[in-house]
Structures are given as C-alpha cells and as structure tokens.
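Whenever a hint applies, use it, and build me the whole structure from the sequences.
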Amino acid sequence: MTGRASARRVGLALAASVLTASVAAGHAVLQRAEPRVESTLKRAPDEVKLYFTERLEPAYSSVRVVNDRGVQVDRRDSHVDRSNPVLLRATLPPIPAGTYKVLWRVLSIDADVTEGGFIFRVE
Amino acid sequence: MRALLLAVLWVHLASSVLLTGAFFMLLLAGPPPAPAARRWDGAIVAWSRLLVLAALGSGIVWLMVRTAVFENRPHAAVEVRAIWHAVLDTWPGLVWLARHGLLFVLGVFLTIRADVAERRNWIAARGEALLLAALALALVSGSSHAAAISPGVVSAVAIDVTHLLGTGFWLGALIPLALLLHLASRDDGADSLPYAVRAVRRFSRAALITMLILVGSGVMNAIVQVETIAGLAGTTHGRLLLAKLAVLVPILVLAAVNRTYILPALPGSSDSVRSPVMARLTTFVGLEAGLALVLLALAAAMTLTTPARHGDPVWPLPFRFSLDALLNLSVTRWRALVGGQLALVGLAALIASQLVRRRRAPLLAGSLALMAIGGGVGLPPLVVDAYPTTYRRPLVTYDAGSIAAGMTTYQEHCAPCHGATGAGNATPSGPSVDLRGPPASRRLAGELFWLVTHGIPTRGMPEFGSRLGEMQRWNVINFIRALGAADSARGIGPQVEPDRAWLVAPDFAIAVGPLAPGALRDYRGQRMVLLVLYTLPGSRARLAKLARSYNVLSIIGVEVIAVPAQASRETINELGSSPPVLFPVVTDGNADIVATYRMFAPGPHAELLIDRQGYIRAIWREDMPQAGGVQSQVEKLNEEKSWPPFPDDHVH
Amino acid sequence: MPVWQVVMVLNLALAVGLGLGYAGWGRRADALGREFDVAQARVERLERERQACAAGVRAGEQQWEGRGLVRAVYPQLLVVTHEEIRGLLPARTTGFRAAATTLRDPIRVGDAIRFSLRGTGADDAALVAIGPW
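Chains as they are written, first to last, in my numbering: chain A, 15 to 137; chain B, 3 to 654; chain C, 501 to 633.
The reader is advised that the hints may include incorrect statements.
[Stated by the list, open to error] Partial list, computed: chain A residues near chain B (C-beta under 10 Å):
1. A42
2. R46
3. K56
4. R69
5. E71
6. P72
7. N81
8. D82
9. D95
10. L117
11. R119
12. L121
13. S122
Treat the hints as calculated values from the structure; they're not laboratory data.
For glycine and all other residues, C-beta sits at the position ideal for the given N, C-alpha and C.
Below is the structure:
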C-alpha cells in the first residue's frame, strides 16, 4: 500500500512540476514579404507577395497597396495562393516612383484577425 | 468587444467541458440502484439540458461577435447575410456549424424522456449523450491554433484533441461528482452511500490516467506554442500559462490529499453509515471544481492572445541566469559546480525520502535544506544583468543592406570610442570594450540594443536612443555581429572543413538588370553558391575560366553569382562575349554586398563558397582558386552526410 | 422502441449522413478542383494559339511573350536570361534560335529586351520579334 501510495505521490509531484497548456493562440503574423519591408527598389514590382506564419482563410484575407496620398494603386485582385495557403498576393500595374504602403488584414484558420502594414519605395 | 468574446468563449468552453464530464461521471458510476442515486442521475440530466442551451446560446453570440470582427464593422454582428457568409464560406464557420449541429442533436436527445429502467437502455442513453458531447468538444480543435500550424497539422490537432478530451473527462466530471457526494452524505441519501463511494474510487483511478495524459499533451502543446523561457515570462500568452499553472497546483494538491488521506478513510462499500469524512471529501472536490472553472477561463483567455512563439518577449526581471557567465573566472565555475552537486544530492535525498519507511521527516527536511544551500551557492554566479529588451527579436534580418547601413552609422557614432575595427580604444573614461569577442559577442542582441539605446553612464557610454532611430540601432547591432563573425572567420580558408558549418552568410538581393530580383535565401536547401567579388581588369582571366566551367559547376549543384565592385549599365557587356558569361551578375545594390562581404574577404578579387544551408564554408582571399580548386571543395561539401539546420534570419 | 435501439438508429443515421455527404460533395469538389486546373492550362494554350493564328502562322503553333537580359549574341542564336515565360519555360537562361531577319538591329550583350517566340513547344520555339524592355 505504501509503495503504491508513494508511487502515486511521486507521480503527482512530477506532474505538478510540469507544464500544462490548453489550446494555445495562433495568430497569423507576417513572416516575410516581397518587396521587402522598408526596401527601396529601382524598378516597380509586378506584384506583392506576403508570407504568413499560419494558414489563411481566403474569404476574409486581403491586401492593398496605397500611394502616399492614400489612393489604392493595386489591381484589386488580392487573393490567397491556391497552392500555398500561407501566401497572400496581389498584382500591380506599372506605378511611378514614390513611397507606397502595403496594408494587409488577414483571417487565419483559427478565426483570429490580424492586420498590419509596411512601406516600400520605388526610385 | 474582447471582454465580451472572452466571457462568451468561457461560458461555451465550460458548458462543453461540463457536458462531457457529466455523462462520463454518470457512466463511471453506473446505473443508479437506489432512489437517492436515481435523483442524482435525473438532476444531472436536467442540468445537462440547461448546459446545452448555454452552449448553444453562447455559441451563437460568439458567432455574431466573430462576424463583426471578420468584417471589421460592429453592425455585421446582426446582419443575417454577413453571418451566413461567415458560417458557410470559412473553415472556422463550418466547424462551428458541425459542433452546434451535434449540440443541437444532443439537446433534442436529452429532451426526450425515455424509459431507462433497463440497464441496456440506460447505458445506451448515457453513452450516446457522452459520444455527442465528446465529439462536440473534440471538434473545438478543428478551428483552433493547432489547426493553423503548417506543416504538421495532423499531429498538432491530435495532441489538441487529446488535451480537450482529457479536460472534459477529468475537470468536467468534478462538479457531478461533488453533487453525488453531497447527496450521499445527507440523511436522506444514505442509501446511496456505497454507490457514491464506489463511484469516487473509480473516478480516482480514471483521473490519474486522464491527468497524466492531460499533462503530457499540455507539455507538447507548450513546446510548440511557447518554445522558450523568455516567451513564458515575457509575453501575455506565457504569463497566462504561468497563471494556469499557479491555479493547477492547488487543484493537484487537493487531488493528492483526496487520494492519499481521505479516500482510504472512507467507509467500505458494504457500510451504510454516514461519516464526516464524506463531508470533507465533498468540500474538497467542490473546491477543485471551482478552481477548474477558473482554469478554463484562463485557457479561454490564452486562445485569444498571440502565441509566445510569435510575440516579442518583454523580460520582467532585472536579472537572468546564463551559463555564459561561467566562462570568465574559474572561481565562479567551481562555485557553480559545488552548488550543482549539493542540489543534486538534495534531490536524490528527496526521492529517497519518499521511498523509505522510517525517518522520513528528517530525511525530507535534510534534502530540502541541501537543495536550498546548493541553490544559494550555485546560482548567484550564473546571474547576469537583464533588461526588458533582452529577448527581443531584431527588427531587421541579417542581410547586406542592414549591415552596410550599420557600418555607416557605426563609423560615424561608434568608431571614435570603439575603434574603426571594433577592437576597442583608449577613451577618456577608460578603455572601451572589444566588440568582436566575448563578453560583447556573448550578449544577446536585445541586450546590445538596450545598451546602445540607454548607454552605460557608469562607464561613460552615451545613450543613442534620442540620436538614432530604432531601425538604425538594429542595423548597428547587425554590423557588430558581422564584425565578430568576420574576426572569427580568419580561420576559414580555401579548404572546406567537413561537418563544421558555423559562419552564416548574410542574405542579399540578387538583381540582374531589370529582372525581378531574387535573394541568396532562395538557394537554401537547393544549390550551393559561389560568390565572386571581382574588379576588372584583374579578374577577367578568372571570370573567363569560370564561364567555361560553369556548366560543370551547375551540374554538381553550384550557382555562380558575380558581384562587381562598381556596377553600371555596361556591367554585363563589359564581361565580353567570348566565352559568354551566363551566370547571374548583380547590377544593383553592389555597394552593400561588396561592403559586407569584404569584411570576410578583403581584396579586389575574392570568392566565397556558401553551402546549401546558407553557411560560408571556404574563402579564397588573395590567391584565386587554382584549376579545379573550387570543384574539389564542392565535392567535399557534396559528400557531407548530415546537414546543419538553416540559420535563423535574425541575429541573437 | 427501447432506448438502445433509438441510439443505434441515431448513430447509424449520423454515420450514413457523413458518408453520403463526403461521397456526394467532398469527392466531387476535389475532382472539380483538378478539372479546373486542367481546363485553365488548356484555355491558356488555346489563347496563345489564337493570338499566334491572328499573326498569321500555321495551325497548332503558339506565341509567347517574354522579357530578359541578353547574355550572348550569335548569328542565329541569342542567349537570354529571362523571367518566367508562362506556358513555356521557368525563369532561367536559355538560348533561342532566331531567324536571320529577326536580328537585323544590332543587339549587344547586356541589353534588356522584350521578345516574342513562336513554335509548337519548348523544342522549336524561335524568336520572331525583339524590342526594348
């Protein structure tokens, strides 16, 4: 009896000293982007590609590119890539030199919305 | 909005967990033989109907709030079209639909008053309810953060489902158990006392197994989502986890006390005499159940916060423990060793005190004292200063643009005191630190950031937080890391050392004319890169040789990237067309790449061999490679059997 | 009906419903996705053939557009480092055959060009027009 009781006690003590975590949060965070964050480019890019840390929900994930006056300059075709669920992309028409802001708002599969933005410059 | 979401999520999670636990407890206890037990059975079923309503109601409110968040406008919460879209066109919506469908079926099933006098019918009815409730609970992980991980979704979701079901079977069953014990310890429930005692014993056995499974799956979850001590102490998510642990400890203590002291003291199954022990058991189980509800609230809060692995930890203490401090003095090393040995002996004595029969108390006291002394002796040498930014991740990745910008900032602001090469100078307030080696190279990037931002007044270093922007300061830190790496890289020569990859190649953009630029990073895992920094006319003969052997190098897995010191519109034409140069030649951003890589290999012509994982393995500095020189090193790299992991994008 | 029989029927109904749902819609959705990819590739190929036909070539030939940087110039061959040519080649360095008339204007190594290719596939695509990027 004492052996079993002490074994149980040790087991409980061990268990108490170990972590328990429940369903942990996972929000989609921007991992990397093309064009790179805060980069200066010689030629205007054809499209913006954003790679996130979690899989995205196409129905509510979008990105847009605005110029320094706040006017949207992309082709309004932002979509989650069919073959890569962490990639969000939109194409751009030829744009003049200047500073542009990329604004994104994504919903990841765990029903959490994250948003953010960064700038890039075209010389 | 967030508070509402948290409250609704807590109600929903608690209802689902309690539903699962209720029917698990009923089945564990078995078909009720006596009137009091039957009353308990009926009460649990009646409460379950209410729980289903609570779960459905909170689920609907959750959906409405979520729709408003998805669409980014509060009115969407009450628009049918928006909710329809959110439910049917998103994965979390479909999971919601499946779960609430199951809950609805469960509700209807419970409403039907069936004849459960026969044992078979009773088991079927309670078992079906358990199945529906457990399925609804398990499907929570279908739209959880485990489901958003890629790759490795299946195992992450499996661990999550195990954790959820464990919670349901253990924590969820506590309230029904408390109710049963309460009924059985009263005068009018004495006929069910043996039934209750048997149920408690069965639950105790099942709970141990379930709890071990819970803890195991929790550890695996934590390893994936929290990852580091810094994340645990420095992010909201991690601190919520610590709070959960803090609440778990009293639950486990209560459970342990129940198992070891109270349960053995219960009257046997054949006894029907009331006992005050029952009342105490009821109280303790009730306390456990209350704490469990608090735990569920913390769990719900955790699902709404960014996981620690994605966040930037803010270290809360003014110190931290670091094994690096041991490298300085042998005195501290001995102290740490002695302290460690004492603590280990104390731990062994602690374990021994659990296994012996006699003299347990003095052994226990002695072991605890030993461990305390060992900690007191061995831990202080490990203490180093820490700042809130110590574990922050740099804002910029380790790439040539950042390093070159950092170089400029450094030459202007830091070189006067620290020297142009980072080796340190004599300054009015004493000699400055050599930035290339320890202790500066052993400090974490976040520590350097704090020191640069706030300065070290006691040693005469000014603060730069007001003079340099945040990005500039991180650029300088990247440059300092590159300085240290270049200093250590003097040992890397034209010969590859097999299985020794440590020098990270800074990333850079590869822009060939107007074509869309790639990056060095794109070659990771695929091809090796021979980076050739050249100047004409000295490098012409070597470039011609490379052009001729390019196809062989390509076949054995090497891409050649040529970077001239100066680029112009004539760069590619200058190389001539016989033989034609067909490998990429960088025409934009040369200054940054050359400035960075000349730190590792000065001179007008240099070649660096970068392996498939992104490490620099061979450097040809003054002497250009002989015929076949590069190829033989590439073959050495091809023969390596195990590869190091990819380097991190940021410095540490 | 005894409760246990009700329970059996309920579980059976759930299982059958799930199975039918998957068989009826799940598999069809997968197959539709695959068909869509195939159809898209086919449409693009027909587009190219139609454009080529409008330019007056033989039936079955397609026309592609590309952009790149010239790396080597020979009388009947041009080596170009180009971006992805959709429907033909990924981004790489390729040598393209050129009709003698196409290379009338002097082209130098290092020029950025736009070009058109005509042919039935990667094996026999030949340059037909070159212009500045």
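At a threshold of 10 Å, is the proposed contact between D95/A and chain B supported by beta-carbon distances?
13 Å, violated
Would you settle whether the hint for E71/A is holds or violated, based on the nearest Cβ-Cβ distance to chain B being less than 10 Å?
5 Å, holds
Is the interface hint for L121/A satisfied, with its Cβ closer than 10 Å to some Cβ of chain B?
6 Å, holds
Can D82/A be said to touch chain B, with a Cβ gap under 10 Å?
19 Å, violated
Min Cβ distance, N81/A to chain B: is it shorter than 10 Å?
21 Å, violated
Supplied contact hint for A42/A, tested at 10 Å Cβ to chain B:
7 Å, holds
Agreement of hint R119/A with chain B interface, Cβ distance less than 10 Å
Interface hint status for R119/A: holds (7 Å vs cutoff 10 Å).
Hint validation: P72/A versus chain B, beta carbon distance must be below 10 Å. Holds or violated?
Holds. Min distance 9 Å.
Less than 10 Å between beta-carbons is the criterion; does S122/A satisfy it with respect to chain B?
With Cβ-Cβ at 5 Å, under 10 Å, it holds.
Can you verify the interface hint for R46/A: is its Cβ closer than 10 Å to any Cβ in chain B?
OK, holds: R46/A within 10 Å of chain B, min 8 Å.
Hint validity - R69/A Cβ closer than 10 Å to any chain B Cβ:
Nearest chain B Cβ about 5 Å off; hint holds.
Hint check, K56/A versus chain B [nearest Cβ-Cβ separation less than 10 Å]:
Holds. Min distance 5 Å.
Hint violations for this structure: numbers 7, 8, 9, 10, all remaining hints satisfied.
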